Structure formats: C-alpha cells, structure tokens
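*Asks:* Chains W and F supply the protein sequences, listed in that same order. For reference, each letter of the first sequence is one residue, going 1 to 946 in full-length UniProt numbering. For reference, each letter of the second sequence is one residue, going 1 to 91 in full-length UniProt numbering.
Simulated from the structure, these hints should not be mistaken for lab results. Everything numeric in this text was worked out from a predicted model, so none of it was measured. Honestly, I wouldn't trust all of these hints.
Distance ranges between label pairs, derived from CB positions [to be verified]:
| # | chain 1 | residue 1 | chain 2 | residue 2 | range |
| --- | --- | --- | --- | --- | --- |
| 1 | F | His22 | W | Leu630 | 45 to 53 Å |
| 2 | W | Pro616 | F | Thr4 | 22 to 30 Å |
| 3 | W | Thr527 | F | Glu23 | 36 to 44 Å |
| 4 | W | Glu601 | F | Thr4 | 54 to 62 Å |
| 5 | F | Ala52 | W | Thr527 | 46 to 54 Å |
| 6 | W | Glu848 | F | Glu23 | 51 to 59 Å |
| 7 | F | Glu23 | W | Asp609 | 37 to 45 Å |
| 8 | F | Ala52 | W | Pro798 | 45 to 53 Å |
| 9 | W | Lys936 | F | Thr4 | 47 to 55 Å |
| 10 | F | Ala52 | W | Val781 | 44 to 52 Å |
| 11 | W | Pro773 | F | Glu23 | 51 to 59 Å |
Positions of the beta carbon are idealized from the N, C-alpha and C atoms, including for glycine.
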Amino acid sequence: MGYESQADFGTPEAAGTPVTLMIDGRAVTVPAGTSVMRAASECGGSIPRLCATDSVKAFGSCRLCLVEIEGQRGTPASCTTPVADGMVVHTQTPRLDKLRKGVMELYISDHPLDCLTCSANNDCELQDAAAQVGLRDVRYGYEGANHLGLATDTSNPYFDFDPSKCIACSRCIRACDEVQGTFALTMDGRGFASTISAGQAGDDFMASDCVSCGACVQACPTATLNEKAMAAIGKPERSVVTTCAYCGVGCTFRAEMRGEQLVRMVPWKDGKANRGHSCVKGRFAWGYANHRDRITTPMVRDSIDQPWREVSWDEALGFAAERLKAIKAQFGPGALGGITSSRCTNEETYLVQKLVRAGFGSNNVDTCARVCHSPTGYGLKTTFGTSAGTQDFDSVMAADVILVIGANPTDAHPVFASRMKRRLRQGARLIVIDPRRIDLVKSPHVEAAYHLPLQPGTNVAVLTAMAHVIVTEGLADEAFIAARCDADEYGDWAAFVSEVRHSPEALEPVTRVPAADLRAAARLFATGGNGAIYYGLGVTEHSQGSSTVMAIANLAMVTGNIGRPGVGVNPLRGQNNVQGACDMGSFPHELPGYRHISDAETRALFERDWGVTLDPDPGLRIPNMLDAALDGSFRALYVQGEDILQSDPNTRHVAAGLAAMDCVIVHDLFLNETANYAHVFLPGSTFLEKDGTFTNAERRIQPVRKVMEPANGMADWEVTQALANALGLGWAYTHPAEILEEVARLTPSFAGVSWERLDRVGSLQWPVNAAFPDGAPVMHVDGFVRGKGKFVVTEYVPTDEKTGPRYPLLLTTGRILSQYNVGAQTRRTDNIVWHEEDLLEMHPADAENRGLKTGDWARLASRTGETTLRVTVTERVAPGVVYTTFHHPATQANVVTTDYSDWATNCPEYKVTAVQVLPSNGPSDWQESYASWSEKSRRIVAEPAE
Amino acid sequence: MDETKLVRMANDIARNFAAQRHEDAVAAVADHITMFWEPRMKAGLYAADRKALLPLAAEAVALLERGAKVPSQTRATRFNAADESHRSDGA
Chain W
1 MGYESQADFG TPEAAGTPVT LMIDGRAVTV PAGTSVMRAA SECGGSIPRL CATDSVKAFG
61 SCRLCLVEIE GQRGTPASCT TPVADGMVVH TQTPRLDKLR KGVMELYISD HPLDCLTCSA
121 NNDCELQDAA AQVGLRDVRY GYEGANHLGL ATDTSNPYFD FDPSKCIACS RCIRACDEVQ
181 GTFALTMDGR GFASTISAGQ AGDDFMASDC VSCGACVQAC PTATLNEKAM AAIGKPERSV
241 VTTCAYCGVG CTFRAEMRGE QLVRMVPWKD GKANRGHSCV KGRFAWGYAN HRDRITTPMV
301 RDSIDQPWRE VSWDEALGFA AERLKAIKAQ FGPGALGGIT SSRCTNEETY LVQKLVRAGF
361 GSNNVDTCAR VCHSPTGYGL KTTFGTSAGT QDFDSVMAAD VILVIGANPT DAHPVFASRM
421 KRRLRQGARL IVIDPRRIDL VKSPHVEAAY HLPLQPGTNV AVLTAMAHVI VTEGLADEAF
481 IAARCDADEY GDWAAFVSEV RHSPEALEPV TRVPAADLRA AARLFATGGN GAIYYGLGVT
541 EHSQGSSTVM AIANLAMVTG NIGRPGVGVN PLRGQNNVQG ACDMGSFPHE LPGYRHISDA
601 ETRALFERDW GVTLDPDPGL RIPNMLDAAL DGSFRALYVQ GEDILQSDPN TRHVAAGLAA
661 MDCVIVHDLF LNETANYAHV FLPGSTFLEK DGTFTNAERR IQPVRKVMEP ANGMADWEVT
721 QALANALGLG WAYTHPAEIL EEVARLTPSF AGVSWERLDR VGSLQWPVNA AFPDGAPVMH
781 VDGFVRGKGK FVVTEYVPTD EKTGPRYPLL LTTGRILSQY NVGAQTRRTD NIVWHEEDLL
841 EMHPADAENR GLKTGDWARL ASRTGETTLR VTVTERVAPG VVYTTFHHPA TQANVVTTDY
901 SDWATNCPEY KVTAVQVLPS NGPSDWQESY ASWSEKSRRI VAEPAE
Chain F
1 MDETKLVRMA NDIARNFAAQ RHEDAVAAVA DHITMFWEPR MKAGLYAADR KALLPLAAEA
61 VALLERGAKV PSQTRATRFN AADESHRSDG A
C-alpha cells in the first residue's frame, strides 16, 4: 500500500445509543457520548484541531475546533461538546474562519518557520491546520517574545524533544498519562512560560521516569517530539501492517518504509491486542535487523574447535544432510532432534516439527516453551481442557479484582500493563503475589490493595491457603461449581484445602506472608466482583510450576471466575509466538492442536498427509536431549531461533551436552552462544523479511507480513524446507499460506483459519471452526472444553533446592523492560543504554552484611556454578532474596541456576536457586574460560579451507 | 540416561500426586510417565535402583512393567477429533 496516515477522529470512540444530528447539512448518526468533532470526522468532515487526537480524552485547549450550534450561544469547542439528538452544527462559517485564523496567527507567531527543512515537513498537523484555516499572514510578526531559542533534548536514543516547536497542546502529557500510564511528563510553568517537562526541572528525558513507549511521539502534532530515524531518513512512502516479534502481547504495527529502508514502526490503531499502543522494544528496537553482527552467509566446520568456513547454501545444506543421514544410519532416528523457535512464525515452527517427525523419524522436538510456559500447557489442559489462556486482553477492562502472580507486566508485557493500569485507575482492585515489590505494587495512581511478598518457591502454599479461606469461610461459588465442575473432584479438593494445615496461619512460617493479609486478599478475590488472574514465569518456572497453574485454575473455578469478560486465567506469554509454537506441535508428546502422539487416529491423519509412518512414543524434551547426548544416544540437533546455551539452566551442563553431539545446526540471525558448539550455521531472517503468522497470549493469530527482502536470501521457512529437501523429503511450499492451509486441514481448532481470511479480518482467536466460526475471545463460556472443570488437589511440595549456611540467599531471575530474553536482538539496538549489563538486586540489610554497595562487583555462587556481576542495592527485593536478569552472555546468570525442574514438564526452576553473594574483584573461572572459548569459536576464515 | 536424575524425576511426580487417593495416585504416576517420557527414559527408570524410588513411584513402575493399561489424566478437547467419551488420547 502507499503511504497514508492512520485516520484520526479527534476524540475516542463512544458506545452509547444512536443519536442523529445535522452537521453542515448532512444527517449523521453516532453513539451518544460521541463528540461533535468525531461525528464530523466520521461523516468525512475535518474540523481543524491541534490539541485533540483520538487516543486521549478531549482537552479543549487549542480553541481551533470551534463550531456553531443552532440554538446555542457562542462557539463551543467541538472536541468537548457531545452530540445531541436533533443538534444542528455548522463547522464552516465566516465567524469561525475569523476566529480560527486569529488562533493560528498566535501559534505561528511563536513557531520556527523552517518547514522545508523540518523533519515533520508534510507530516505536521500544525502545517495542516494552517492550510485548513487559510492562514496567509501573521499580524503579530515574529519578533516578539518567543521560545525559538530553547535547546533540543537529544538524550533519548530514539527521539528528540525540540521545545522550540512545541505548541503546548499537552497531547504528549495526556498520552503518557492516559495511554501509557507512566505520568512522566508535566506542564511546567504557566501561561506563556508553559513548557513540557520530563520529570523534575532540569531532568532530560533519559533522566526522567519516561519508559520510551513512544505514545508521546505518536501524539505530538508537530516535530517537537520526533523520531531520530524519521529526521535522518525522511517521510515514509509506504506502509505494511505486521506483528511485533517481541513479547507475547502481539502488538501490530505499521512498518513505515522508504524504499527498502524501515523508517519507523507505528502502532496500528486497529490492532486488537495493542489498540494503538507500543513499548520501547516494539516501537524502536528494530535496529538489530541491520546490525553488523548479523550473519547472512551459511557456514560449516568439521568440529567445534575449528574456525567457521563460509560456504554456499547448497554446500551447507548438503553438509548438514550428510551428517544427519550418517547419524541416523548409525544410531537410529532417536539420535536426532530439533528445537522450534517461539520467535519464528507458526508456519516455520510447524515445518520444523514436521521435519523432525517426518524427516528425522523421531518425536524429539521441543521448543522454548519448555523453559517458560510448558506448565501452562499441562495445567490448563488438565483442569479446563485447553492449553491456553481463557480471555482476550480487552477482558481486563471489565475486571473488578485483578490478581497478578509471578508476573511483572510493566517490564515484560508493557503494552498490556498499560491497559491493566488504566482499569486500575478506573477503580479495579489489585492483589500482587510476588517476592519482589514490582512497579505495579505502587506507581503513580496505582496501588495494590494487597501485596503478598511470598518466599520464592511457595506459590502453591499461598494459593492453597487462599482456597482454604474461600472454602472454609463459605465464599465458594457453589452454583457455578455445581453447574460447571466435576462434583466428586470438587469434594475431594474442598476437603483437602479445608484442612487446618492449609490455613494461612499454619502456612505463614513457610510462605512468610502475613496470614491476615492473605485472608483479606482471598476474601477480596472471592467477593470483589469479576476476578481475573494474570500470571507469568514466576508461576511456571518452579519445581511446582504445573501445580501452581492448576491451583490458579482451582481458584478461578471455586470463585466462578470463568467464562465471561472480566474474569479468567490469563498466562502472560514470554516470547511473541510461544502460544503458536505450542499450538503447532512443538512438544515431543503432541501433534499440532495438542493431540497426543499416542493417539492412532490422529497419527494416521498426519501419516496419510505426510506420507510417512510416525513414531507413537513421546520424544525427548530439551533437558532430556542434553542428558541423552551425554550418554551418547542423542547426537544431532537442529536449533531454529533459540539460544539454549544462554537461556537454559545450568549452562555448563548445556555446554557439555552440545559439545557431545556430532551435528549441531544453528539457524539464527547471529552467531549466538549455542553456535559456539555448532557445526553448521544457517543464516536466519527477521520478522520484517517474511510472511507468516504469530499467535499471541490471547490465542490471537495475526499476520506477519514481509516488508523487505531477506538479507540472507531466504525466509526461515524456506531454509527449513531446503534442509528437508536435502534430506530427500520433496517439499514444495511456495508461500506460508500453503503451510497454514495444511495446518488448518489437519487441526480442527484451526479449521477456519486461512491466510486470505487473516489478511482480510486482521486476526482470529482460535478455536476457529464450525462451533466458533469467528473465533473465541473468551473460552469456556457455556461449559469447559474438557466437559466438567477438574479441580486438582495440589499438595505443596517444597523444592529440593535448599538454602543453608553455604548458600543462604535465594536467587530469582527475570527480565527488564528494555531487554528481551537472551538479548540477542535488544542488545544490538540502542536499548543497551538502559541496560548495559545484568545487575544483582540485593536488599540493603544483606548488602550491608557483606560490605557491598551499589556498583560493587560481587561473586554470585550456587551449588551449580558461579559468575560475577555488579550489585544494585534496593528494597524491591526482600531480605534473603536476590534477583538478576539473564540478558547478557558475559554474565551468564544460568551458570548459577540448577537443573531442578517442574515435576510434570521439566520446566526449569529458574526462580529458586540457593546462592551466596560475596565481594569480588574479577570474573569467575567459568566466565574467563567461556570468554576465551567463545572468541575462539567465533572465528571465520575468509577462504574455504582446502 | 542418568538414572539418578530419572529416579528424582519419578519421585517428583509421585510426590505431586501423593495427595490423591492411593489407587488414583499410582495410576496417575504411571499415566504421566507413559504419556510424557521417551522410551529411553522409561528404560533407564526401569533399570534404576528401585530402593531409591518412593513407594508410590515404585508401585507405578511395577504397574507399567506389568503392561497394565492406565486411565488418561488428560482428556481431549472438543476441538479435536475425539471419541464419544471426548478423548483422542487412546485411553
């Protein structure tokens, strides 16, 4: 499509009953509550405006949108005037012309007239308004007092703030408040001295609370807040709507292009996941696509101690295929496996699992969900019948009580967090269950009613204690339970949670949560109206991750909070396509659509379609593959778009497992840490370079559209197909639409999904089939997918990872706003200015005891390994708990984490590691040896070896 | 495969089903291993020192070794091609 700005109706949409009025002689029918400005826009008119934009509430300050209304005195602002039945409006009269010109003259008299060299030239609402009102002269001249000499704030890496171009419309402030909910900006001074200020006087944007979401930039009508890339490249000439490749929110953006160059990513207003909002990653952190580290030529080497050799695609694929065939011939199909990528498209993950099952001949396929949300799949399938969240994101706007457990949405799912905060500002109550005092506990205009700072590893105990309160105090929704759940199982469960040993008081020594607070939180959740539960990896990445998911499901069922908007169980997915990768059969025990590999009928369906015989036994999961590698029975691994060396626990064990293999094929954008142990490197493509679909945390399938040609020459699905064909599989897909058609043909829950339909409607939430022809925003409405809801008894089983004299602290790991997962993408963007290194958060008391202060280097040691990193002293963590991130390979936080894992799924227990922290003055032995190995392993010889 | 680790995994499964009625718990442990463990892992567990297994896990392993058919813990969804009892998992 050519370039066209997104429509802006001036004020937000209303939802009242229809009202009919006349605007400039035309009858218009709009919902009551709509502004006259919006009504005029919806019928094709355009009232001049500056302070109004439809992402924020009307403000009525610019005085440009004045109209005349028959029967009313004066000239009211159309943005703040609601429509009324029978109203007669005139938007263009001599009186209005004169008033508007007068207003525009004032604006322009204090504005630099550098339009031809301005970065917003031809993309400026001030320019448009001047043209609309027919401004031809400024009677006041340009010599009076003005703001033209104010300095530009260039501190933010992505956008500049040029106050000389500011018209003080407050759109940026209101966007920060209403859309993002950070309240970082304010209007400093009064009258003519009014200026936009980020934080305290003297702060620049980088020093302020600004989270660089871009909402202010998008709202700015002039070049005051303008993207540096736009200033450098120029105005876009075309745009393509596509889906973000960062977190599981699945924001849709317009990739605005100039030729083959991406100018900017602008959140798409019609995107149903993000509703026109964005975060610093999705909006700005796309520079990795052209980073100098990117590898675009295939490479091979005979052994991992050799340098890489650049080769042709044919040679690389031939090399890989020969090795795979030889290993299969000698050791059998069980020696081969693959890992699908939650960053790649549904179609690409589908092809990788198909390659493993149909080509390698094993079920040894797994995905990064193994180390994040595999317990969600197990827990929700067991209790409800589907391995997915129950709601859409819009549902949060109908919630009355929001329970956030083991999630930090403002950092990890920021766009959804903004919507949640909006609902909290409207009055919803918040319960946070988290060892850390995350931002949601207390931030501007948001404060949790209860924060339960539990001891890491005691989620099940806390949730069972909440259930105890609800059942023993008679707060259970008996009618819902009787109608919707298995009565016998409920009876067993209710008796179990009612035992005195599960009371908050009895468990307080274990959980360290004050019993009174826990009781109050449980009562609030059970009685406060619509109760919605949102959770993240602080739930799943435990030895009882699956039990915790089931305990959450129990809590939702016992309170009747399932099956309508405003309630539900909502897993916040980590990577963009975790849901999709799981849907596509990436687990070693399931075919696409979560059908068990042992089911002969399902297997027969795929066998007929693929022309092969499938192994009926479950395959190896990632940690099992590594264990099997060490005993010599697993020898070849194809890894698409994951960096298991950095992301998976117990790094030394992962390294040993990879080093034991004969053929490791890494298919990625960069020579990641796993590639240090690889024999074949197949260059990958970015999300900007391919077509396909992602499925977000609300089961929403959304198109990913190619906006530029792949730098490596092939999209990832084409690379997998080429590898499959090198193995003789004879695949002939010409577009991902054909792969999606195959998925739909073989998977009942995707039966109604097609590329053409997605292209037309924008997105669909599975299931999409005869029962749900347009998808299902809310699941389990009339009954649970499995039939009756299943209450599962969840006994609290303490982890085997214990603190003691040598390791007295508990380490928990997580993410921060500016970085994503292993940082492969975000470390290669300017986001690095916010997080140059992984830091260790430590409570002041623990730091004092060890003589540590913020900025000091410390040795972080566990029974598994040790690393060094710098300390930041903060009360965000409780005494006895330390926290860090895993974004940087130089730190390798996972050297420290253990191979303890969830009992049901082997999801690693990242959130509980017993550690000691002591002052240090240098890197650990592992860090030094790994750095040396990594440097050696990344060597590339320019010429092919003889 | 590391038998010590396999035993620990089996014991973890047993500890998490232990609160169920004993007969159900034995069946659940056996079903879980059937549905989620690769044959090498099962073989490694069968070969491991039984004394290291919790009694519940040992009973489940014995059940599996006898070739007993255990009921599925996870029923199929109605989105899948399911049988009359809403199962597509062969149970």
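*Asks:* Compare the structure with each hint and give your call.
*Replies:* Hint check:
| no. | hint | in the structure |
| --- | --- | --- |
| 1 | His22/F <-> Leu630/W: 45 to 53 Å | violated, 36 Å |
| 2 | Pro616/W <-> Thr4/F: 22 to 30 Å | holds, 28 Å |
| 3 | Thr527/W <-> Glu23/F: 36 to 44 Å | holds, 38 Å |
| 4 | Glu601/W <-> Thr4/F: 54 to 62 Å | violated, 38 Å |
| 5 | Ala52/F <-> Thr527/W: 46 to 54 Å | holds, 47 Å |
| 6 | Glu848/W <-> Glu23/F: 51 to 59 Å | holds, 54 Å |
| 7 | Glu23/F <-> Asp609/W: 37 to 45 Å | holds, 40 Å |
| 8 | Ala52/F <-> Pro798/W: 45 to 53 Å | violated, 19 Å |
| 9 | Lys936/W <-> Thr4/F: 47 to 55 Å | violated, 33 Å |
| 10 | Ala52/F <-> Val781/W: 44 to 52 Å | holds, 47 Å |
| 11 | Pro773/W <-> Glu23/F: 51 to 59 Å | violated, 43 Å |
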